[in-house]
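> Chain by chain, the residues:
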Amino acid sequence: MKILCLIIVLAPLAGALIAGLSGRSIGRAGAHWVTITGVALSFLLSLVVFKQVILDPAASMSIDVYRWAVLGGLNLKVGFLIDPLTVTMMLVVTFVSLMVHIYTIGYMHDDPGYQRFFAYISLFTFSMLMLVMSNNFLQLFFGWEAVGLVSYLLIGFWYTRESAIHANLKAFLVNRVGDFGFLLGIAAVLAVFGSLDYLAVFSQAPGASGQTIAIAAGIEWPAMTVICLLLFVGAMAKSAQVPLHVWLPDSMEGPTPISALIHAATMVTAGIFMVARMSPLFEFSDVALSVILVIGALTAFFMGLVGIVQNDIKRVVAYSTLSQLGYMTVALGASAYSIAIFHLFTHAFFKALLFLAAGSVIVALHHEQDMRKMGGLRERMPVTYWTALIGTLALVGFPGFSGFFSKDAIIEAVHYSNLPGAGLAYILVTAGVFITAFYSFRLLFLTFHGESPDRGKVVGRITESPAVITVPLVLLAIPSVFAGLFIGPLVFGDYFGDSLRVLDHHGAVAELQSHYHGLGSFIVHGFQGPAVWLMFAGILSAWWVYRRQPTIADLGKRKLRLLYNVLFYKYGFDELYQGLFATGTHRVGTVCSSFGDRMLIDGLVVNGFARAVNWCSLRVRNVQSGYLYHYAFTMILGLLVLLGIRYL
Amino acid sequence: MESLNADVLMALPEVFMLAAASVVLLIGLYTGRASETLAYVLSLAALITTAVLVYSTSASSESFAFGGMYLNDPLAQAIKLFACVTVAAVLMYARPYLQQRARISAEFYALGLFATLGTLVMASAHNFVLIYLGLELLSLCLYALVAFVRDSRDASEAAIKYFVLGAIASGMLLYGMSIMYGLTGSLDLAGINAYLAQSGANRIALVFALAFIVVGLAFKFGAVPFHMWVPDVYQGAPTAITLFIATMPKLAAFVMAIRLLNYGLQELLADWQQMLMVLTVLSVVFGNVIAIAQTNIKRMLAYSAISHIGFILLGILPGTDFGYAAALFYTVIYVLMAAGTFGVLILLGDREREMDRLVDLKGLAKTSPWFALIMMVLMFSMAGVPLTVGFYAKLYVLQSLVYDGWLSVAVLAVVMSVVGAFYYLRVVKYMYFDEADDVFQVQPSGLAQAVLSVNGLLVVALFIFPNALLNYCVQVLG
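If you're matching them up, the sequences are chains A and B in order.
Per the working numbering, the very first residue in the first sequence carries number 1; after that it's consecutive.
Per the working numbering, the very first residue in the second sequence carries number 1; after that it's consecutive.
Here chain B stands alone, though its shape is the one from the complex (with noise of 0.2 Å):
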C-alpha cells in the first residue's frame, strides 16, 4: 500500500491532469457562454497547476515507480514543463479565435488537456506499452480536434486523411514494438538495451523490428516520406487547431524519440542512424524546395515545418549527448517559431476571412506595423538569420554534426537553409515592399497580443542570451 502511496505521488502530475480534464469534459454538459469561460480559465489553472506539481517534484536523478514502467527524470520534467506552458499559450491564442466564429466550447479544452495528458505520460513512459499508451491518447484527441468544427469539408477531410494514415503508422509502431518483445522477451526499455547489449540477438530480426518504429516515429514527426498527411492537415485545419498541432505534438515526438532510440535501442545506434540520415537528407531538401511552390500560407509552413523536422532529426542523428541537447534545443525554439507564426495568423483572420494566402499578407507593414515586425523577426528566426534564435538552433545542430564527423550532411543541411531562406524572405517581401489589395482593420484580442508581443521578444531576447536555455538542454541529457 504505501509503494503504491508512492508511486501515486510521483506521478502526480499526471494524475492531477487526468481529473482536471475530466471535470472540464463535465463542464462541457453545459452549453452556453458561461460554461466556456468557466472551461477556459479552470484549464488555464489546470496547466498552471500542473507545471507548478512537475517543478516540485524533484527530478535531480531518475528515478522509477509502477514498478518500472513510469520514470521521472529531468528530460521529463523539462518536457512536461515545456508542454504546459505551450498548450496555455496554445489556449491564448486560439479563444478569441473560435469565439469570433461561435465555434468554442468546453470540449475544445478537454480535448486539449488530454491530449497534453498524453504527452506527459509519453514524457515519462519507460516501457513500450506505456509509450504506446501516451501516442493513442495525444493522437486521437488530435483527430477529433482537427475535426472539430464539424460542418467544415476541409477540416472532415484533412481529420479523416489524418486518421487513416496516424491508424496505419500506429499498427507499424505497434508491430515493430511487438517483434522486439517477442527478441528480447522485454517491453521495459532498460530490460531491451540490457538483453541487445549482453547477447546477439537474430540481427536481421531486429533491423527489421527497429524499421517499423522507426515509420511510426518519423510518422508522428512528419518527416519525408511520413509526412503526407502533414500539408493536408495544416490547411484543412481551422488555424487554431493547426497552430496546436504545430506546437505541442513536437516535443512529444522528440522525447519519443529520445526514450526509445536512446533509452532502448542504443545498441542499434549504427542501424537507426543510416535510417534517420534518409529521413532528415529527404525532410530537408523535400521540405524546403516544396514550400517555395507553396501559394497558400498554412501550406508553406507545413512544408517549413517538415524541414525544421529535419533539422531535429539532424540533432538526434549523431547520437551523442550534445547532438540531443541541440535537437531539445531546436524543438523548443521552432515550438515557439511555430507559435508565433500562426498566432500571427490567428490574429489577423477575422470573422469574415482566414489569412491564407500569401498575398493576403501584402503591405501589413502599413496596416500593423507590429505584427508585421513580430512576423518579419519570426521568419528571419526560421531562416536562421542571426539577431534571432533561429541561428543559434541551426548552429547548435550543425556544430553537433560536424564534431561527429557527419560533414556532408551538415553542407546539404546548409545549403538547403538558403533554400528555405527564399520563402520566408518572401513573406518579408510581401510585408513590407507591397501594397495590400484591400484594407482591413485588425481589431485583436488585448491578452492574444500581450501573448504574441511576448512570443516575438523571445525570439530576439534568446539571441542575445541562449546560454541559459542551451545549458538547460544540455544538462537535462547530459
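Bound conformation, chain A alone (with noise of 0.2 Å):
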C-alpha cells in the first residue's frame, strides 16, 4: 500500500521532471508520452487503491512515510491518509488530469511552450495529489502553496501577454491572502493541540470544544471557531468565495485545459476538499458553519448573476465554476459534506466538459472567444455541440443528469438545515438555479444556434476538433451523465465512513437520508420542489429571449441600465480592490520603501553596519602580521586568557 501509494504521487512528479528539464532533448512527442504515462499510471493505481479501500473498509490507513524533521518535540512528517474521501478525490483529480493531458495535445499543437505545458500540468497533478493524500497538515500546506504555484505558472503560461501578467499576479496576491489566514489556523491547530496529525487532532477534537483562545488581550473566542474561521479563510481564497473571489474569472488567461483542470475541477476544489477533510473540528463550531453557509449561498447567487452578461464564452463558464464552488460550500456549512463531495465530483466532470468544449469552440474559431461573433456552429461541430449540451444539462441539474442529484441533494439539504442564515441561503441557492439555467442556455444559443453575425467570415471554413479533443470530451460526457446514479451509496450509503464526522444535531443528512427510498423517488420527489421548475423556466426564458426575440436582450440591457452595469462591473470588487489595497499598499510601500527601507534599513543599518564591520575587517586583519613570533606570543596570550579566567 504504502508503495503503491508512493508511485501514485511521484509518477506525474517524475513525468514532470523529465518533461521540464530535458524537454528539449525529448522533443514534443516524448514530453507528452512520458507525462501522459506517469499521469496514466497515477489513475490505474488510483483505482487500484480504490477497490482495495471501497471493498474493505478496515483498508482505510495513515500511513508514514518519512520523517522529516523534528522540532522541539514536533513531528515533521511526510505521510498518506487513505480513506473513502481521499481515494475519491485521488480518482477525481488523476482521471480528470489524464483527460486534460490529451485533450491538450491537440489543444496546444503549435504553441512553442508545449514540453513546458505538460512540465507543469504533471507537476500541479502531483502537488494536488500530495494535498488530498496528506495525512498531516504541513504537507496539506505543502500541496496548497504547491497548487497555488503551478497555477500561478499557467495563468500566466502566455507570459507575453499584459494581461496574463496581471492575472496571474492577483491569483497569487489573493491567495496569499487566504493563505494567510489557513497558516494563522494551521499555527492555532498547533497551539490548542500541539500536533500537526490529522488522526491526533481528530481524536482530541471533542474535548477541546469548550476551550477558549485569547485573540487579543482580554477577548476570548472558543478555540474550535477561531480554528475553523481561520482556516475557512484559506479555502475562501483557493475555492474563490465572496469577496476573495475575484481572482478566478481572470485566470481564464491561462490556456483552456488549465482552465478545465485547475481552475473547475480540481484546485478550486481544494477548499472544499479541506472543509470536509477537517469535518471533525468544523463541526464543533456553529458559528464558523453558519458563516460558510452565508458566503457560499452569496456566492452561489451573485456570481450566478454576473454570469448572465458576460460575452467571453470561457468568461461565463468561469462565473458559472464560481457559482458552483458556492452551492459545494453552502452544502458545507449544512454540515452535509458528503453532499458538497458528491457535488464537487459530478462538477468536476461535466464542468471540465464543459470547458473542454468551449477550448474546442475556441480552437475551432482560431482562438475567438467573443460569443457575440458566434453562432451556428451546432451543424459543424456535431461532437462538441452535443457534449456540451450534455454537461449543459448537467449543470443545470436536468432531471436523471448527474448535476441534477448532486444539486438537488445540496438544495434539500439546507432545507432542513436549522443554523442562522439557512433561511437566507435556501432562498438564495434555488433562485440561483433559474439563473444557472438562464446563463448556460444563453451561452449554448449564442455559441451554438441561430446564425453568426459575420458568417462568411468567421465560421465559413470551421470544421470540428480533431479526435485527440473530442475524445476525452466524450469520455467526460459518460461520468457527467451518470455519476449521479451513485448518489445512493455516496451520500445516503455509508460509502464515506469515518472519513467524515457529522454531529447528531446537525441532522440535515440524516434527515434527507429518511426520505430517500431509490433513485425513482428522487427524481420524483424533485418535481415537487421548486427548484426543477424554476429550472425549466430559466431556460425557457434563455430561449425566449436569445432565439425568440433576440431584440429583448437589447431591450433589457437599455431598460435595466443600473443594474446591467452592476453586473457588468461585477459589483465594483475589482475597483474596490485596486483602488483601495493595490493603491493603498502601493501608496503605503512607497514610504516605507523610501524612508524606512532606503534611509532607515539600507543607510544606517545595513550599509552602517557592513561598513562597520568592514572597518573592523580591515584594522584586525593586520594583527595576522606573518611574524611567526607575534604568532607565538599571541598563543601565550591566549594560555594566558584560559588560566585567567578561571583564576580570577
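In short, the hints are calculated from the structure, not lab data.
Hints are supplied without guarantee of correctness; some may be wrong.
[Claimed, not checked] The calculated label-pair distances, taken between Cβ atoms and stated as ranges, are:
{"#": "1", "chain 1": "A", "residue 1": "Gly113", "chain 2": "B", "residue 2": "Tyr55", "range": "44 to 52 Å"}
{"#": "2", "chain 1": "B", "residue 1": "Ala19", "chain 2": "A", "residue 2": "Phe142", "range": "50 to 58 Å"}
{"#": "3", "chain 1": "B", "residue 1": "Ala190", "chain 2": "A", "residue 2": "Val606", "range": "51 to 59 Å"}
{"#": "4", "chain 1": "B", "residue 1": "Phe433", "chain 2": "A", "residue 2": "Leu600", "range": "22 to 30 Å"}
{"#": "5", "chain 1": "B", "residue 1": "Val402", "chain 2": "A", "residue 2": "Phe142", "range": "21 to 29 Å"}
{"#": "6", "chain 1": "A", "residue 1": "Asp602", "chain 2": "B", "residue 2": "Val402", "range": "26 to 34 Å"}
{"#": "7", "chain 1": "A", "residue 1": "Gly644", "chain 2": "B", "residue 2": "Tyr55", "range": "40 to 48 Å"}
[To be verified] Which bits of chain B does chain A cover? Going by a derived footprint, with three or more residues having C-beta under 8 Å, they are:
{"#": "8", "region": "157 to 170"}
{"#": "9", "region": "214 to 220"}
{"#": "10", "region": "226 to 238"}
{"#": "11", "region": "265 to 278"}
Cβ coordinates follow ideal geometry from the N, Cα and C atoms, glycine included.
Put the complex together from the two separate chains, hints included.
Next comes the structure, spelled out in C-alpha cells:
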C-alpha cells in the first residue's frame, strides 16, 4: 500500500521533471508521452487503491512514509491518509488530469511552450495528490502552496501578454490573503492540539470544544471557532468565495485545458475538500458553519448573476464555476459534507467537459472567445455540440443528469438545516437554479444555434476538432450523465465511513436519508420542489430571450441600465480592491521604501553595519602580521586568558 | 600469546594501514610514472580495505585492547570510516592537480596514508600517550605535506610556521598531560576520570593542567587565538594540500576533543566549558569578520574554517550527548563542504594559474555552469541557507545550545552567521552577476569531476534526508 501510494504520487512528478528538464532532448512527442504515462499510471493505481478501500473499509489507514524533521518535539512528517474521501479525490484528480493531458495534445499543438506546459500540468497533478493524500497539516500546506504556485505559472503561461501577467499576479496576491489565514489556522491547531497529525488532532477535537483562545488582550473566543474561521479563510481564497473570488475569472487568461483542470475541476475544489477533511473540527463550531453557509449562498447567487452579462465564452463558464463552488460551500455549511463532495465529484466531470468544449470551439475559431461573434456551430461541430449540451444539462440540474442529483440534494440539505442564516441561504440557492439555467442556455444558444453575425468570415471554414480533443469530451460526457447514479451509496449510504464526521444535532443529511427511497423516487420528489420548475423556467426564458425574441436582450440592457452596469462591473470588487488595497498598499509601500527601507534600514543599519564590520575587519587583519614571533606571542596570551578566566 | 592475538585482531585496521603505507613508501623508491600510478591505486585500495575492516569489526559496545590503551567503540568506528572515505576523495581530487604540475610522486600518497594512520590511532586512543602518538604522527605528515612542493617559497614559509607553532602547541599539550599525570597518577582516560570523580585533587593545579591541554586542542582545531597558522598555511600550501588539511584533520581534532574532554576530564566540565566559551565566541566573531576583508579565496576559506570550527566547539560546549552528536554532524558536514569547495578550486586551476583570487571566479556561471552551480550550493550550505544541509548543521548545534540554556551564545552565533553570509554570497555574486575578466577553458579530469558532482549533490540530498546521518551521530555518541 505504501509503495503503491508513493508511485501514485511520484509518477506525475517524474514525468514533470523529465519533460521539464530535458524537454528539448526528448522533443514534443516525448514530453507528452512521458507525462501521460506518468498520469495514466497514477490513475490506474488509484483505481487499485480505490477498489481495496471500498471493498474493505478496514483498509483505510494512515501511512507515515518519512519523518522529515523534528523540531522541539514536533514531528514533521510526510505521510498519506488513505480513506474513502481520499480515494474519491484521487480518482477525480487523476482521471480529469489524464483527460486534460490527452486534450492538450490537440489544444496546444502549435504552441512553442509545449513541453513546458506538459511539465506544469504533471507537476500540478503531483501537488494536488500531495494535498489530498496528506495525513498532516504541514503536507497539506505544502500541497496547498504547490498547487497555488503551478496555478500562478499556468495563468501566466503566455507570459508575453500583459493581461496574463496581471491575472497571475492577481491570483497570487489574493491567494496570499487566504494563505495567511490558512497558516494562522494551522498555527492555531498546533497551539491548541500540540500536533499537526490529522488523526491525533481529530481525536482530541471533542475534548477541545470547550476551550477558548485569546485573539487579543482580554478577548476570548472559542478555540474551535477561531481555528475553523481561519482555515476557512484559506478555503475562501482557494475555492474563490466572495469576497476573495476576484482572481478566478481573470485566471481564464491561461490556456483552456488549465481552466478545465485547475480552475474548475480540481484545484479550486481544494478548499471544499479541506473543509470536508476537517469536518471533525468544523462540526464543533456552529458559528463557522453559519459563516460558511452564508458566504457560499452569496457566492452561488451573485456570481451566477454576473455570468448572464459576460460575453467571453470562458468567462461565462468561469462565473458558473464560482456559482457552483458556492453551492458546494453551502453544502459544507449545512454539515452535508458528503453532498458537497458528491457535487464536487459530479461538477468535476461536467465542468471540465464544458471548459474543454469551450476550448474546442475556441480552437476551431482560431482563438476567438467572444460569443457575440459565434453562432450556428451546431452542424459544423456536432460532437462538441452534443457533449456541450450534455454538460449544460448536467450543470443546470436537468432531472436524471448528474448535476440534478447533487444540486437537488444540496438544496434539500439547506432546507433541513437549522443554523442561523439557513433561511436566507435556501432562498438564494433556490433562486440560483433559475439563473444557472438562464446563463448556461444563453451560452449554448449564442454559440451553437442561430446564425453568426459575420458568417462568411469566421464560420465558413470551421470543422470539428481532431480526435485528441473530441475523445476526452466524450469520455467526460459519460460520467457527466451517469455520475449522479452514485448518490445512493455516496450520500445516503455508508460510503465515506469515518472519514466525514457529522454531529447528531446537524441532522440535515440524516433527515434526507430518511426520505430517500431509491433513485426514481428522488427524481419524482424533485418535481415536487420549486428547483426543477425554476430550472425549466430558466431554460425557457433563455430560449425566449436569445432565440425567439433577440431584441429583448438589448431592450433589457437599455431598460435595466443600472443593474446591467452593476453586473457588468461585477459589483465593483475589482475597482474597490484596486483603489483601496493595490493603490493604498502601493502608496504605503513607497513611503516605507523611501524612508524606512532606503534611509533607515539600508542606509543606517545594513550599510552602516556593513561599513563598521568592514572597518573592523581591515583593522583586525593587521594582527595577522606574518611574523612567527607575533603568532607565538598570541598563543601565549591566549593561554594566559584561559588560565585567567578560571582563576580570577 | 592468545590475548596478544586478540589485541592485534582488534587493531587490524591500524596494522593493515601501517603495512600498506610502508609498501607505498617502498614504491616511492622507484621513480617514474608507473610507480606513481601503482602507488595511487594501492593507496585507494588500502583506504577502501581499511574502511571495510573497520566496518566489519563489530563495535556495538566498548571493547578494549592492549591493556586498556586501545578502545574500539561506535565513535572510533565512525571517525575511522569518515576519515578513510574523506582521504580517498581527497586523493582523487588532488591527483590531477599535482600531475598537471608534474610534482607528484609516491611519497605524497605515503604521507597521506601515514596521516590517516595517525587519525585512526587517535580515534581509538584511550590513553594520553596514545593520543599524543597519533596526534604527532598526523601532524608530522601534515608539516611535510605543506612543504611538499619544495621549490615554492610560500609553501616552505607556511610549513616552517606551521611546524614551529605546532611544536609549541604540542609542547603545551604534553606539559598539561604530564601535570595531569602527576596529579592523578594515571595516563588512562578512565583512570583519570575515576580519580577525579572520587577525590578532590588540587583544584588550582588541575585547572592549570587543563588550560594547557585545551590549548593543544584549540591549536589542532585552529580556534582563535590559536588560529594564526590557519590562514598562512591554507594560502601558502598548494591547493591540493590545503584540501587535505582542511578536511580529514578536523575529524581527528573532533575525536581528540571528545576523548579528552568527555572521557577523561568530564569532572572538570564547568572549567573547560568556560575556556571553550571564550574560544568559540572569539572564533565565530573573528573568523567571520576577518573573512570579509580577504581578497584571496583560500585565505577567505581559512577564516571561514575558523568560524566553522567555532560552531563545532559550540556543539561540544554544552557537554550533552545531543550537543556532541550535533558537533559530529557539523564536523562531517563541514568536511563535506570544504572538500567540495577546494575541489572546485582545484579543478578550475590549470598548469599556468592557480584559482586563488576571489575575482578569478567572475563570470564562472557562463564559462562552466555546472561548477558554478555546485559552488553556489556549497556557498549557500556554508552560509547555512535552507535547501542545503549546512542549514541543519547550524540548526542542530544551535538547538543543543538552547536546550542547555546557552541562549546568548546562540544568539551571537546566529548574528555572526549573518555576517558570514556576506562573503559567501559575494562569491555567488562574482560567479553569476559579473563578467569574466578573461576567458579560460576548464578541462577537468573525469573522475574528479564525478566525485565533485556527487559531493555537491550530497549537500542537497542530505537536506532532504538529514535524519539518517543525524540518527547515526546520535547513536554513535549515545
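> Indicate whether the distance between the beta carbons of valine 402 of chain B and phenylalanine 142 of chain A respects the range 21 to 29 Å.
Given about 26 Å between the Cβ atoms, the range holds.
> Between phenylalanine 433 of chain B and leucine 600 of chain A, is the Cβ distance one that fits in 22 to 30 Å?
holds, 26 Å
> How does the coverage statement for the region 157 to 170 of chain B fare against chain A, requiring three or more residues with Cβ below 8 Å from a Cβ of that chain?
holds (count 6)
> Do the beta carbons of glycine 644 of chain A and tyrosine 55 of chain B sit within 40 to 48 Å of each other?
About 46 Å separates the Cβ atoms of glycine 644 of chain A and tyrosine 55 of chain B, which means 40 to 48 Å holds.
> Given as covered by chain A, does the region 265 to 278 of chain B meet the bar of three residues or more with CB within less than 8 Å?
holds (count 4)
> Okay, alanine 190 of chain B versus valine 606 of chain A on CB: inside 51 to 59 Å?
At roughly 53 Å between Cβ atoms, valine 606 of chain A and alanine 190 of chain B fall inside 51 to 59 Å, so the hint holds.
> Three or more residues of the region 214 to 220 of chain B near chain A by CB distance under 8 Å?
With 4 residues closer than 8 Å to chain A, the region 214 to 220 of chain B meets the three-residue bar; holds.
> Could you say whether the range 26 to 34 Å given as a hint is met by the Cβ separation of aspartate 602 of chain A and valine 402 of chain B?
holds, 31 Å
> Are at least 3 residues of the region 226 to 238 of chain B within less than 8 Å of chain A when you compare beta carbons?
holds (count 5)
> State, for the Cβ atoms of alanine 19 of chain B and phenylalanine 142 of chain A, whether the hinted interval 50 to 58 Å holds or is violated.
At roughly 54 Å between Cβ atoms, phenylalanine 142 of chain A and alanine 19 of chain B fall inside 50 to 58 Å, so the hint holds.
> Within 44 to 52 Å or not, the Cβ separation of glycine 113 of chain A and tyrosine 55 of chain B?
Holds, at about 51 Å.
Consistency with the previously given hints is maintained throughout, with no hint failing.
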